[in-house]
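Chemist: What follows is the residue order along each chain.
2 protein chains.
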Amino acid sequence: MYPMKQLLTYLFIIAAIPALAQTKLVDKDAKFVLVIHGGAGSVNRKNMTPDKEKAYTDGLQRALTVGYNILVRGGSAVDAVQACIMVLEDDSLFNAGKGAVMTHEGHCELDASIMDGKSLKAGAVAGVTTVRNPICAARAVMEKSRHVMMAGKGAEMFAAENNCSIVDNSYFHTERSRRALEGAIRDDSIREIKQKKSVNDPENRDNKYGTVGAVALDASGNLAAATSTGGMTNKRFGRIGDSPIIGAGTYADNNSCAISCTGWGEYFIRLGMAKAVADRIELKGMKLDDAAKEMILTKLPALGGDGGLIGVDKEGNITMPFNTSGMYRAYIKSTGEKEILMYRD
Amino acid sequence: MYPMKQLLTYLFIIAAIPALAQTKLVDKDAKFVLVIHGGAGSVNRKNMTPDKEKAYTDGLQRALTVGYNILVRGGSAVDAVQACIMVLEDDSLFNAGKGAVMTHEGHCELDASIMDGKSLKAGAVAGVTTVRNPICAARAVMEKSRHVMMAGKGAEMFAAENNCSIVDNSYFHTERSRRALEGAIRDDSIREIKQKKSVNDPENRDNKYGTVGAVALDASGNLAAATSTGGMTNKRFGRIGDSPIIGAGTYADNNSCAISCTGWGEYFIRLGMAKAVADRIELKGMKLDDAAKEMILTKLPALGGDGGLIGVDKEGNITMPFNTSGMYRAYIKSTGEKEILMYRD
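Chains D and H, in that order, give the protein sequences. Residue 187 in this note's numbering sits at position 187 of the first sequence, with consecutive numbering throughout. Residue 89 in this note's numbering sits at position 89 of the second sequence, with consecutive numbering throughout.
There could be a bad hint or two in this list.
Put simply, identical chains are the same to the list, so a pair is met inside one copy or across any two.
[Unchecked claim] In silico lysine-lysine, DSBU-like type, Cα no more than 30 Å apart, as pairs:
1. Lys-299 x Lys-144
2. Lys-333 x Lys-52
3. Lys-54 x Lys-299
4. Lys-28 x Lys-144
5. Lys-54 x Lys-24
6. Lys-54 x Lys-144
7. Lys-287 x Lys-153
8. Lys-118 x Lys-287
9. Lys-144 x Lys-338
10. Lys-153 x Lys-284
11. Lys-54 x Lys-314
12. Lys-24 x Lys-293
13. Lys-52 x Lys-284
14. Lys-31 x Lys-153
15. Lys-121 x Lys-54
In short, the hints are calculated from the structure, not lab data.
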């Protein structure tokens with residue numbers, strides 16, 4: 001069943017992305033870069049099994065391959081980041097699309113956003129419960145509406161009108177997310193959640209802060225960023241995190257960089273994380289890696305927050321800082337250089 | 001009836017704001033500043049009657065008075081901006097709270113946000129339909145939840161649990177907003193809305209981009225910002241504009257400034273407007289007025305957007321730029337200096 005599901009996903013993506021139908025490759029000197037993440041959190045060697053490690057590695061590799069195949073054919077950064085996110089959304093290992101964590105009520109409520117660094121056009125959806133690939137809805141908002149952000153039933157209606165695949169909420173459910181919710185509710189009943197509780201807290205759950213993201217520089221020199229998430233296990237009150245917030249979880253501007261964040265969303269919103277990194281490059285002339293590290297390793301922990309981000313700038317430099325024990329992350333460049341990583345060391 | 005409603009509003013606010021119960025005034029050398037806006041748009045002398053002008057002036061004056069009375073007693077910037085917004089929300093002249101514009105379906109869906117520049121704490125609600133003062137819900141999210149942003153029914157449930165006044169959606173409705181919706185639907189049926197349609201377009205409606213906002217510097221040197229809106233007339237699909245987006249419509253940081261925006265929200269989100277102004281001060285050393293004017297008079301129109309913002313920095317400097325024909329705006333300083341303005345000239 002699993003290979004069949006993957007095959008169907010690929011066919012679905014190939015049909016959706018015109019660049020994949022092309023066979024001509026970009027000039028061998030063309031520079032493009034793709035960076036992806038599958039969430040930051042307590043990713044430790046001691047919690048990992050060889051099987052689990054292989055599953056995550058394979059999941060990230062599948063997304064890289066799909067994105068690379070678009071970029072190497074001269075496809076746009078926007079197409080590449082969307083395609084990567086779709087692969088990760090369809091993979092139940094990650095907290096986005098299928099496999100998303102559950103709200104207090106046992107449903108999945110999904111958020112996603114995408115931004116095109118060339119035009120500064122952006123699209124986002126929050127709290128959608130029936131769109132198989134929330135990133136497709138975000139892309140539709142960006143390209144087929146006058147709006148940037150839509151929420152709830154309205155966003156679902158718009159997604160359906162714009163040919164996004166619609167599913168029953170049960171499609172997203174997994175045994176893992178159900179157990180995580182049960183655990184979180186049990187924990188809540190034992191003790192009050194502390195405001196300053198860290199994702200490093202061993203009691204805290206791996207998938208509580210999961211998100212997936214992708215940023216790319218394409219052969220035409222354009223940047224794009226995209227992020228998708230199921231949010232926090234046991235979330236209530238229609239909570240919206242940073243993932244669908246342009247400037248917080250996602251930002252892309254050809255003048256600076258493309259950024260996708262993962263972590264404790266509230267802190268990322270308060271810091272305007274993605275925009276703060278971009279502004280450090282545009283306004284202060286900082287290098288991407290220095291700007292990202294200042295925000296993630298200094299400003300974020302100073303406020304009490306945890307997480308990480310991925311970024312690429314117009315020169316193709318990349319950054320992947322995090323202040324948690326690990327972050328699922330990977331990149332591939334036009335040179336063929338590639339890494340798939342998850343731990344700090 | 002009108003004076004009685006105002007009296008009740010004042011009593012409600014006095015009860016809610018502890019600082020107003022104090023009688024001791026701040027030291028006469030203490031510096032504080034309050035700036036408010038009631039939306040940017042086609043505010044022209046030729047569309048104005050003396051009665052209408054007086055009504056807007058009186059509405060802004062009432063908000064200034066309430067905010068000033070908090071600040072002069074040593075109340076916090078956060079208390080002052082919330083109280084100002086509540087007065088403007090309760091005033092049916094402005095597109096926030098009572099008098100909010102209607103969605104395509106003839107309902108009111110309200111958004112608000114607030115941010116404390118001292119702690120970078122922030123709260124926002126989007127798409128609430130039953131909270132009399134959405135800014136109170138935003139304040140509750142900021143202070144009584146682990147979250148920054150809540151939407152829809154969940155946000156309403158949280159607001160109710162935290163003693164925000166709950167009303168039937170019909171409370172917000174006015175004859176004016178109903179007529180505006182009918183006009184907008186009629187216009188839509190005649191022609192497709194152009195993507196690049198300007199608020200300067202004479203066909204466009206005054207209240208389509210209305211918002212209210214307040215920023216303050218208090219006597220302790222802390223900054224705060226708040227914004228509240230009914231959104232766009234005839235909006236659909238659960239559209240969320242910039243007003244509840246921290247970093248877009250609202251931002252406050254004691255290291256730079258407090259900003260509240262009004263205008264075509266999509267452009268403000270794409271530019272990360274409020275954060276972009278703050279970053280120009282923090283990262284580039286620009287003056288508040290220069291930073292705000294670069295964003296509103298250069299970057300915003302370059303992208304095709306319209307609107308304005310108000311800001312105050314830690315030295316008490318203010319800015320109120322807009323690229324529309326007018327913006328309802330006013331300020332008052334601890335020196336007693338005060339202006340209430342609406343036109344460009």
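Chemist: For every hint, state whether the structure bears it out.
Modeler: Tested hints:
Taking the closest pair of Cα atoms, Lys-299 and Lys-144 come within 30 Å of each other only across two copies (23 Å); inside a single copy the shortest separation is 37 Å, beyond that limit. With identical chains, the CA atoms of Lys-333 and Lys-52 are at most 30 Å apart within one copy only, with a shortest distance of 26 Å there and 62 Å across copies. In the homo-oligomer, the alpha carbons of Lys-54 and Lys-299 never lie at most 30 Å apart, since the shortest distance is 33 Å inside one protomer and 47 Å across protomers. Within a single copy, Lys-28 and Lys-144 get their C-alpha atoms no closer than 34 Å, and across copies no closer than 56 Å, so neither meets the 30 Å cut-off.
With identical chains, the CA atoms of Lys-54 and Lys-24 are never at most 30 Å apart, being 32 Å at best within one copy and 67 Å at best between copies. For a Cα distance limit of 30 Å, the shortest separation of Lys-54 from Lys-144 qualifies neither inside one copy, at 39 Å, nor across copies, at 42 Å. Neither within a single protomer nor between protomers do Lys-287 and Lys-153 lie at most 30 Å apart by alpha-carbon distance, with minima of 41 Å and 43 Å respectively. Within a single copy, Lys-118 and Lys-287 get their C-alpha atoms as close as 20 Å, and across copies as close as 28 Å, so both meet the 30 Å cut-off.
Proximity of Lys-144 and Lys-338 under a CA criterion of 30 Å is satisfied in neither setting, with 34 Å inside one chain copy and 45 Å between copies. Proximity of Lys-153 to Lys-284 under the C-alpha cut-off of 30 Å is found in neither arrangement, the shortest distances being 41 Å within a copy and 42 Å between copies. With identical chains, the CA atoms of Lys-54 and Lys-314 are never at most 30 Å apart, being 32 Å at best within one copy and 52 Å at best between copies. Neither within a single protomer nor between protomers do Lys-24 and Lys-293 lie at most 30 Å apart by alpha-carbon distance, with minima of 38 Å and 46 Å respectively.
Taking the shortest Cα distances, Lys-52 and Lys-284 never come within 30 Å of each other, neither inside one copy (42 Å) nor across copies (46 Å). Proximity of Lys-31 and Lys-153 under a CA criterion of 30 Å is satisfied in neither setting, with 41 Å inside one chain copy and 47 Å between copies. Neither within a single protomer nor between protomers do Lys-121 and Lys-54 lie at most 30 Å apart by alpha-carbon distance, with minima of 36 Å and 40 Å respectively.
Checked against the numbered hints above, the structure breaks hints 3, 4, 5, 6, 7, 9, 10, 11, 12, 13, 14 and 15 and satisfies the rest.
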